[in-house]
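Participant: Build out the structure end to end from the sequences listed, making use of the hints.
Here is what each chain is made of, one letter per residue.
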Amino acid sequence: MTDPLIALIAGILIIGFLSYIFWPNFGLSDKLKRWTQDTERVQIEDALKHLYDCEYRNISCTINSIAGNLSINADRAAKLVSRLEALGLLAIQGEVLQLTAQGRSYALRIIRVHRLWERYLADETSTKELDWHDIAEKQEHLFTPEQADKLAAQIGNPVYDPHGDPIPSSKGDLPTKKGKPLNEMLPGEFANIIHIEDEPPAIYSQILAQGLYPGMQIRVLEVSDKRIKFEANGEECVLSPIIAKNITVGIIQLEKQVEGKYKVLSSLKVGEKGTVLGIAKALRGQQRRRLMDLGIVPGTEIEAQLESLNRDPVAYKVRGAVIAIRKQQADRIYLESKESEKG
Amino acid sequence: MNNHNVNREAILAAANNLRWEVGENLHDTLMESIYENATAIARKAVIYPDKKPAFSFDRTLDKILTSKYFGFPLMLLILGAVFWVTIEGANIPSGLIASLLVDTLHPLLKNFTNSFMPWWLSGVLIDGAYLAMAWVVSVMLPPMAIFFPVYTLLEDFGYLPRVAFNMDPLYKKVGAHGKQALTMAMGFGCNAAGIVATRVIDSPREKLIAIITNNFSLCNGRWPTQILISTIFIGGIAPAYLTGLVSAAAVVFVAILGITFSLVVSWILSKTILRGEASAFSLELPPYRPPRILQTLYTSLIDRTIFVLWRAVIFAVPAGMVIWLAANITIDGVSIANHFINWANPFALIFGLNGVILLAYIIAIPANEIVIPTVLMLTVANLGLSSVGAGSGVMFELDSVADTASILHAGGWTLLTGINLMLFSLLHNPCSTTIYTIYKETKSVKWTLISTLLPIAMGFSVTFFVTQIWRLVVGS
Amino acid sequence: MSNNALSNCADCPVHNLGNLKKLGVNMSNFDFAIALAGNPNTGKSTVFNYLTGLKQHTGNWPGKTVTRAEGGFEFNGKRFKLVDLPGTYSLLSTSTDEEIARDFILFGQPDVTVIVVDATRIERNLNLVIQILEITDRAIVCLNLMDEAKRNGIQIDDRILSKELGIPVIPTAARQGEGMTELTKMIFDVASGNFICKPHRIKSSSKELNAAIDVLIKEISAEFPNLPNTRWVALRLLEGDQSIIDAIRSGELGNIKGINTIEQSQLVIS
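Protein chains in written order, with my numbering: chain P, 7 to 349; chain E, 130 to 605; chain L, 4 to 273.
Hints listed in this document are in silico derivations from the structure and should not be mistaken for laboratory results.
Take these hints with a grain of salt, some might be off.
[Unchecked claim] Which residues of chain L face chain P? A few of them, derived with a C-beta cut under 10 angstroms, are: (1) T91; (2) S93; (3) L95; (4) S98; (5) D121; (6) I125; (7) R127; (8) N130; (9) I133; (10) E242; (11) G243; (12) S246; (13) I248; (14) D249.
[Unchecked claim] Just the calculated beta-carbon pair ranges, DEER-fashion: (15) P:K144 <-> E:I585: 50 to 58 angstroms; (16) L:S195 <-> P:K144: 39 to 47 angstroms; (17) L:K201 <-> E:W439: 25 to 33 angstroms; (18) E:W439 <-> P:D9: 30 to 38 angstroms; (19) E:N146 <-> P:L38: 41 to 49 angstroms; (20) P:Q160 <-> E:A210: 38 to 46 angstroms; (21) P:G178 <-> E:H133: 21 to 29 angstroms; (22) E:S244 <-> L:E73: 43 to 51 angstroms; (23) E:T168 <-> L:E73: 28 to 36 angstroms; (24) P:K144 <-> E:K400: 13 to 21 angstroms; (25) L:R154 <-> E:D232: 52 to 60 angstroms; (26) P:E46 <-> E:W439: 55 to 63 angstroms; (27) E:P475 <-> P:K39: 32 to 40 angstroms.
[As the list claims (entries may be wrong)] Covered stretches of chain P, as calculated for chain L (at least 3 residues, CB under 8 angstroms): (28) 159-172; (29) 285-296; (30) 299-311; (31) 320-328.
Just so it is clear, CB atoms sit at the ideal spot from N, CA and C, and this is done for glycine as well.
Facilitator: Right, dumping it as structure tokens:
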């Protein structure tokens with residue numbers, strides 16, 4: 007029999023070695039996989055995407071902007087552009103870079119995968135919002151159009167991504183751009199957020215930190231060169247114009263005006279009742295559908311009934327049934343703010 | 130036909146354009162309309178009582194069962210009581226069945242077949258197939274006939290959703306779905322059933338976590354192993370009047386260890402290959418319904434006990450034949466079984482197991498239920514204890530736990546071997562049915578492989594460390 | 004309506020059940036296909052077991068039945084095949100169990116869909132009833148757990164409910180076997196066309212939605228004139244439902260016909 011101490015040390019070493027190789031994402035085998043990936047195709051596809059984005063937003067695109075967008079040097083960008091031209095994806099007219107029909111449809115294919123993936127991550131998985139873009143960036147280069155169609159079918163053929171961008175159809179159709187940037191609104195106007203640009207990440211995370219998301223209703227209070235003040239979900243937000251520029255809004259004529267401050271479902275104590283006002287747009291996809299299926303729609307009476315450890319989850323009485331909901335969701339269900347009655 | 134295609138594509142294109150117009154609120158609008166209609170109809174047709182009754186049985190019971198202070202202790206108490214009842218209650222009938230099937234019937238059959246069959250045919254059929262079946266029936270039928278109805282009563286009463294409610298904070302912390310508690314509870318019955326039940330989980334990420342970790346719920350095929358080994362080795366060191374309690378406590382401990390492993394593995398998975406946070410959880414807590422005892426007894430006997438037993442028998446019969454052949458076909462004067470056992474022994478000893486256990490787990494891949502019978506059969510064959518059995522590869526008389534114990538002790542088993550077998554029984558590859566079910570549910574070779582290999586890798590690691598640390602502390 | 008004899012029958016011996024023959028798993032040569040739908044935990048499996056004589060396990064937790072179970076029974080000389088669909092809260096989400104239930108009701112074209120409703124949670128259950136009535140005309144509400152409702156002091160006027168929904172409503176307590184005779188008779192009546200349903204349809208107040216639906220209805224009915232549930236198909240298209248898109252593309256939708264055109268139902272389950 008071997009000495010147990012030696013056996014233990016050997017065992018730990020073997021496990022350490024194996025996890026060094028096979029640990030997901032950080033292990034040697036996954037790193038090797040990443041190194042051997044086709045970097046040229048990835049760059050071509052990223053460049054096409056950037057070019058298409060410029061075209062959609064009606065701004066001009068240059069070798070420099072490509073270099074900036076892909077974070078490569080200008081030399082490399084110039085080479086990339088000539089490669090794109092050689093492939094028949096791009097036409098160069100002087101300084102202006104223009105996508106060919108073939109290039110456009112290639113770009114749309116990549117964008118379709120990217121936005122579908124973001125939608126999928128947002129609706130079906132519980133991936134962190136800040137990770138969506140990065141995962142989609144990787145997947146867009148790996149998916150074939152057939153796989154994209156399959157993914158789309160699986161998640162109910164969405165037409166918008168979670169940032170409010172339209173998803174190209176499998177034939178490459180896209181609706182015309184609507185809305186205007188938030189910083190061009192006038193005080194007193196009501197609007198719906200229809201899109202939040204997720205790049206650059208620094209600005210995106212600031213917008214997220216304010217709790218803003220597409221579909222949210224806002225009312226502009228004050229616009230100046232230094233700041234834009236507006237009300238969203240009953241709370242005041244202040245953004246600098248540089249950040250506000252990344253939010254696209256659609257002006258709306260209000261049908262019903264929501265007044266006063268909201269209360270959230272999670273604030274109910276056991277025995278207290280409330281009336282549902284709405285579910286925050288941040289609850290998406292299947293989560294949202296499930297809550298509505300269970301009868302949590304505007305006007306529903308709801309009563310807190312049971313608490314578990316740390317008050318998470320809490321069971322509520324909804325339309326005769328007792329439903330347990332985690333705090334994370336209960337925080338995003340709004341109640342009418344009238345005084346809660348004792349049950 | 131072509132014209133049709135054009136029309137149909139036009140419909141789809143029109144729909145797509147309208148969807149961009151209508152936007153994403155369609156579903157909300159629709160659901161609101163439906164519930165408006167539903168409320169209007171209900172208002173006309175239903176009258177609710179003005180006043181709530183002063184005392185509601187459901188609410189009071191819920192308050193107790195999901196209470197902050199009593200919720201968890203009550204869960205453990207109920208789990209422990211179920212095992213205690215099973216262990217205490219199964220002892221006597223087990224002995225009775227064994228004495229009938231093994232002591233009485235086996236010699237009769239043996240004599241009868243010997244009169245007209247060649248020795249090897251009667252060996253394969255009676256000493257192999259029949260004895261394996263008899264063993265499975267006597268070891269498994271009594272505990273299952275107690276465990277399943279009791280479990281089903283709890284299920285029909287409505288206790289499982291409350292367990293899920295109590296456990297949800299833990300599952301949330303490890304990034305898993307709260308309904309994983311439900312599928313885990315189903316796994317205590319049968320892992321394959323637990324894996325089918327993961328369909329109640331919407332999020333694909335959390336469904337995969339639930340599938341991979343379901344194997345950490347001890348299934349009915351493994352309960353008898355746990356119960357028997359803990360009675361012999363752990364109950365055995367306690368005073369006689371405490372044996373039942375201590376054994377039940379040991380089994381509860383292993384079950385809780387399994388739950389802990391499932392939580393830890395869920396956490397690791399949701400930090401690595403299945404990254405993400407816990408998603409939404411909405412679970413209806415249905416009203417308690419008084420279980421109809423007689424019907425439950427009947428259905429759980431038919432549905433679960435007989436079904437599971439039948440499955441075990443089907444797998445035990447060929448396994449019994451394989452064991453008999455392996456113990457009787459010799460190369461260089463040594464049986465195939467002994468060749469493997471002797472070859473595997475040094476390797477197995479590192480993990481505190483032995484060659485017999487490893488061979489038993491290979492033979493028992495089709496069904497966990499036959500691990501213990503196989504272990505005993507192989508131990509006897511390996512030791513050549515002809516005084517106990519009626520020759521190589523013959524399962525012997527077993528009318529009491531004490532006999533099993535003496536066999537195992539004779540085979541060189543120690544408390545450490547017992548503990549490691551219990552751990553290995555918790556942590557090893559799922560049975561073939563479960564593996565197939567995992568493949569059907571995930572439709573992915575990769576996830577099937579991960580769910581199969583991960584537990585066995587963990588099993589070897591855990592038994593290895595337990596053994597070596599044990600030897601370091603206690604000395605071998 | 005057929006509310007006639009429930010109260011008398013609660014304590015009388017099974018007077019009419021001589022007609023009911025439980026066929027277990029024997030479903031050969033059936034005359035009618037019956038689907039059993041409903042919310043989880045409403046006693047669907049109990050109703051199923053009662054009619055077929057099978058012993059499907061029933062557990063008291065939502066999502067117990069995740070697959071389809073089938074069985075048969077015979078009544079008044081006709082053979083019925085009964086399909087127990089997974090319990091769902093809705094048919095509009097995209098999970099497997101809901102797809103199984105939805106596809107069977109739509110493409111399987113059962114002769115009757117029995118919707119088992121929990122009498123103590125009517126509003127929530129009506130959500131599913133209203134959705135099913137958009138898909139199929141021939142449905143019966145089995146208002147189950149009446150005993151629990153009574154215990155909780157909930158009074159339900161099943162005649163008003165039936166009038167509002169436009170389909171028969173049969174109060175039952177399946178665990179005690181109450182009302183099951185009436186249910187079987189009504190299944191027979193609706194299946195054989197003795198009872199014609201005029202189901203409730205969703206009234207939506209959203210102008211936007213109604214306008215979009217109208218546009219699509221026009222296009223769909225031009226291509227599939229016999230479709231009995233055009234409005235619902237339009238709605239599903241607006242929600243991007245893949246199996247409806249596929250059914251339009253392949254023309255399978257054309258196989259779905261209104262009640263008057265059905266001779267013998269053929270089960271085509273995708």
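Participant: If a hint holds in the structure, say so; if it doesn't, say that too.
Facilitator: Outcome of the hint check:
no. : hint                                  : verdict
1   : T91                                   : holds (8 angstroms)
2   : S93                                   : holds (4 angstroms)
3   : L95                                   : holds (7 angstroms)
4   : S98                                   : holds (7 angstroms)
5   : D121                                  : holds (8 angstroms)
6   : I125                                  : holds (7 angstroms)
7   : R127                                  : holds (4 angstroms)
8   : N130                                  : holds (7 angstroms)
9   : I133                                  : violated (12 angstroms)
10  : E242                                  : holds (6 angstroms)
11  : G243                                  : holds (3 angstroms)
12  : S246                                  : holds (9 angstroms)
13  : I248                                  : holds (7 angstroms)
14  : D249                                  : holds (8 angstroms)
15  : P:K144 <-> E:I585: 50 to 58 angstroms : violated (31 angstroms)
16  : L:S195 <-> P:K144: 39 to 47 angstroms : violated (59 angstroms)
17  : L:K201 <-> E:W439: 25 to 33 angstroms : violated (50 angstroms)
18  : E:W439 <-> P:D9: 30 to 38 angstroms   : violated (49 angstroms)
19  : E:N146 <-> P:L38: 41 to 49 angstroms  : holds (46 angstroms)
20  : P:Q160 <-> E:A210: 38 to 46 angstroms : holds (45 angstroms)
21  : P:G178 <-> E:H133: 21 to 29 angstroms : holds (24 angstroms)
22  : E:S244 <-> L:E73: 43 to 51 angstroms  : holds (49 angstroms)
23  : E:T168 <-> L:E73: 28 to 36 angstroms  : holds (35 angstroms)
24  : P:K144 <-> E:K400: 13 to 21 angstroms : holds (18 angstroms)
25  : L:R154 <-> E:D232: 52 to 60 angstroms : holds (54 angstroms)
26  : P:E46 <-> E:W439: 55 to 63 angstroms  : holds (60 angstroms)
27  : E:P475 <-> P:K39: 32 to 40 angstroms  : holds (37 angstroms)
28  : 159-172                               : holds (count 7)
29  : 285-296                               : holds (count 3)
30  : 299-311                               : holds (count 3)
31  : 320-328                               : holds (count 4)
In the structure shown, a violation is registered for the earlier hints numbered 9, 15, 16, 17 and 18, in ascending order.
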